[in-house]
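**Q** The hints should help you fit chain B onto chain A, whose structure is shown.
Chains as they are written, first to last, in the numbering used here: chain A, 1 to 364; chain B, 1 to 369.
Hints listed in this document are in silico derivations from the structure and should not be mistaken for laboratory results.
The model shown is predicted, which means the values in this text are computed figures rather than measured ones.
All the given hints hold, so there is nothing to weed out.
Simulated crosslink set (DSS-like; lysine-lysine; CA at most 27 angstroms straight-line): (1) 226/B / 301/A; (2) 291/A / 259/A; (3) 167/A / 348/B; (4) 323/A / 336/B; (5) 27/A / 336/B; (6) 255/A / 323/A.
Take a look at the letters that make up each chain.
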Amino acid sequence: MPSVRLVNLTKTYREVVAAENINLEVKDKEYVSIIGPSGCGKTTLIKCIAGLIEPSEGEIYIDEKLVNNVPIQDRAIGYVFQEIALFPHMNVYDNVSYGPTVKGWNPARTRSLAEEMLNMVALRDRMRDYPDELSGGARQKTAVARALSSGSLLLLLDEPLGALDAKVRAVLRHELRRMVKDLGLTAIHVTHDQEEAMAISDRIVVMKAGKIIEVGTPLELYLHPSNLFTANFVGETNFLIGESVKSTGKESTIKVKGKILRSLRRPSLEKREIVAAIRPEFVITERHLKKTMWKGKIENKVFVGSIVRYQVLMDTGESIVAKYPAVTNRRFDVGDEVNLIFPPQHVLLYPYPEAGLEKEISIE
Amino acid sequence: MPTVRLVNVTKRFGNSRAINNLNLEIRDGEYVCILGPTGSGKTTLLRLIAGVTKPDEGEIYIDSKLVNDVPPQDRDVAYVPQQYALFPHLRVIDNVAFGPSSKGLSRSEVAQISMQMLEMTRLAWRANSFPGELSGGMQQRVALARGLASGASLLLLDEPLGALDARLRVELRYRLRELAQENNLTTIHVTHDQEEAMIVADRIAVLRNGQIQQEGTPISVYNQPKSIFITNFVGGANFLDGFVAERNLEGSLVELRGQIRVLIKQNSYAVGERVVLAIREELSGIIKDRDVGEVNILRGTVEAMSFLGDFMSYRVLLENGDTVDCRVPTVMNSEKISIGEEVFVHLKPQDIKLYPYPPAGLYKDLEAA
Chain A
1 MPSVRLVNLT KTYREVVAAE NINLEVKDKE YVSIIGPSGC GKTTLIKCIA
51 GLIEPSEGEI YIDEKLVNNV PIQDRAIGYV FQEIALFPHM NVYDNVSYGP
101 TVKGWNPART RSLAEEMLNM VALRDRMRDY PDELSGGARQ KTAVARALSS
151 GSLLLLLDEP LGALDAKVRA VLRHELRRMV KDLGLTAIHV THDQEEAMAI
201 SDRIVVMKAG KIIEVGTPLE LYLHPSNLFT ANFVGETNFL IGESVKSTGK
251 ESTIKVKGKI LRSLRRPSLE KREIVAAIRP EFVITERHLK KTMWKGKIEN
301 KVFVGSIVRY QVLMDTGESI VAKYPAVTNR RFDVGDEVNL IFPPQHVLLY
351 PYPEAGLEKE ISIE
Chain B
1 MPTVRLVNVT KRFGNSRAIN NLNLEIRDGE YVCILGPTGS GKTTLLRLIA
51 GVTKPDEGEI YIDSKLVNDV PPQDRDVAYV PQQYALFPHL RVIDNVAFGP
101 SSKGLSRSEV AQISMQMLEM TRLAWRANSF PGELSGGMQQ RVALARGLAS
151 GASLLLLDEP LGALDARLRV ELRYRLRELA QENNLTTIHV THDQEEAMIV
201 ADRIAVLRNG QIQQEGTPIS VYNQPKSIFI TNFVGGANFL DGFVAERNLE
251 GSLVELRGQI RVLIKQNSYA VGERVVLAIR EELSGIIKDR DVGEVNILRG
301 TVEAMSFLGD FMSYRVLLEN GDTVDCRVPT VMNSEKISIG EEVFVHLKPQ
351 DIKLYPYPPA GLYKDLEAA
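Next up, chain A with everything else stripped away, as it sits in the complex:
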């Protein structure tokens, strides 16, 4: 029953704070991803859990047992790195059965476990091949099988799909989740790819500059992010800067360059300056020019397979992205004049950040 709990965990390198006062609870059998831009501290965090890095302060509990002083080999974890180091002189089977073998498990048990894991990653017919005969995807699957065959119920994955082509990544992430769920494991997965995190996780932890800034299910983070950084980092968002005009029980009114924007959200009371956010797929564009508030011209149109993405330059000067599923009949061309509708239920409101919007959402 592996649960993981971090209490006030801090890691500093000289003056640099890599992780600051982190509190996090991962439940048994949960699949949790940690995302954030380069240097946000996500790798430091997972290495602390693995026992590869010693925290400067705070406690780490695995299964409610304090493990700060427990060495990596005694923490009962399976660990998969981005740069997988398979033993090049061993074939797939020997790589996968390495853990159980050195632990001196009985050969029959080792064999059945290793074969089960190879079945799981669909590599049983490649078990006599050597790592350099495998594709990148197959090597990564071998690494996962090896981690799984350790018998540990806690799997730590540090950019496990990082080195692979986009297409292979998309296929493997499904398989990874399926294996973790089938085996009843707890998984913590670090990635820079927010789409991967959404597809694979029960919950996502968003980190920025050494701190956890939000934790939630993929749906929560995407539809109701609690802050601007998450709104921008997890999927594309349009931002409009305005002023809060009035707020009744049901609806708030924001003024953006003299135009009215409505939201079902309530702005925080202490500030008049507001950032309104709306996802491109919720923006409605209409060709029939009516006297509605928002007008613009299609500046750019890109076909992204299942989605068509339009960039609309509004007469207020702001640029808005609108996306439509390619299966719908809504088609516009560059140069078309359109009306824009921002449905109030999808307009989210945030106080204008102290440091400015650019700085707040910056991912570098």
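**A** Okay, now just chain B, sitting in the frame of chain A:
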């Protein structure tokens, strides 16, 4: 006015052909993406055009001039390799100035051009930093600015966004296209990321085993893929194994395993022939109640679901053991569907494409991606 033309180009490494009798034409001012999996020959192709490696056979023309024997520095190309090696001891501005200053321009001209390129890549504010002080994304933009500053009108980019975080990659690809347009460049951009290719390119050339398998606009490659490999690599799809049970003028009936029959508009395969059905995930409908008026309604159970932002993805296990992934746009996802629930998958006859069953097996064709 740079155009590029490759005629029957072959490049061997030992016994293997990294580029195999390849033909490709790139028009002036065009933005072309070479899209392919690892090992397909993408980088070799770019290196051949840059002149840093020589073809064993065939001709390479830049601007209708045969350049096989022209060294890289005389080809008027800006080549930004994947490992772009900035000079660590030089400031950002001096890294960018390296190209123009070696061309014998005046000091002030060099400074002006370099600054302009840094403004274009939005890095002017870091002009005096050293590469080691910048993030990976910024370093990549410095390399790009350096390429642009060379003044060449043919830009060759090898995975220019490869080293970046996913979120940053998405942001920068739009900028990349704008840059090429603003500078009237002809651009060849190598990538393994089909979404990136579709967004930046006027035209895509899909490379596999050193050969171009298909080329065309993003929309044409996506909507009329020529093979299972391309369907899978560019966009992905559901692939189902079956054989033609009946056919007539209107279409054909294909039988899947478990004796499930599916109506298809295409009728180019003979009765008895083994085929693969391909249908895009976003065209594979999922419904809770059987609609009696429709054909190709297949019963199944929801096995998994994941939220992808724009789309909700459902994996449905059909009664015959096949799985179908259905992607429903978030804005249209009104029905509440949960894991374990019985549902129906709806595949419209006109949305299904047929391909001959690959001799080496379906799995082999899909794995190669």
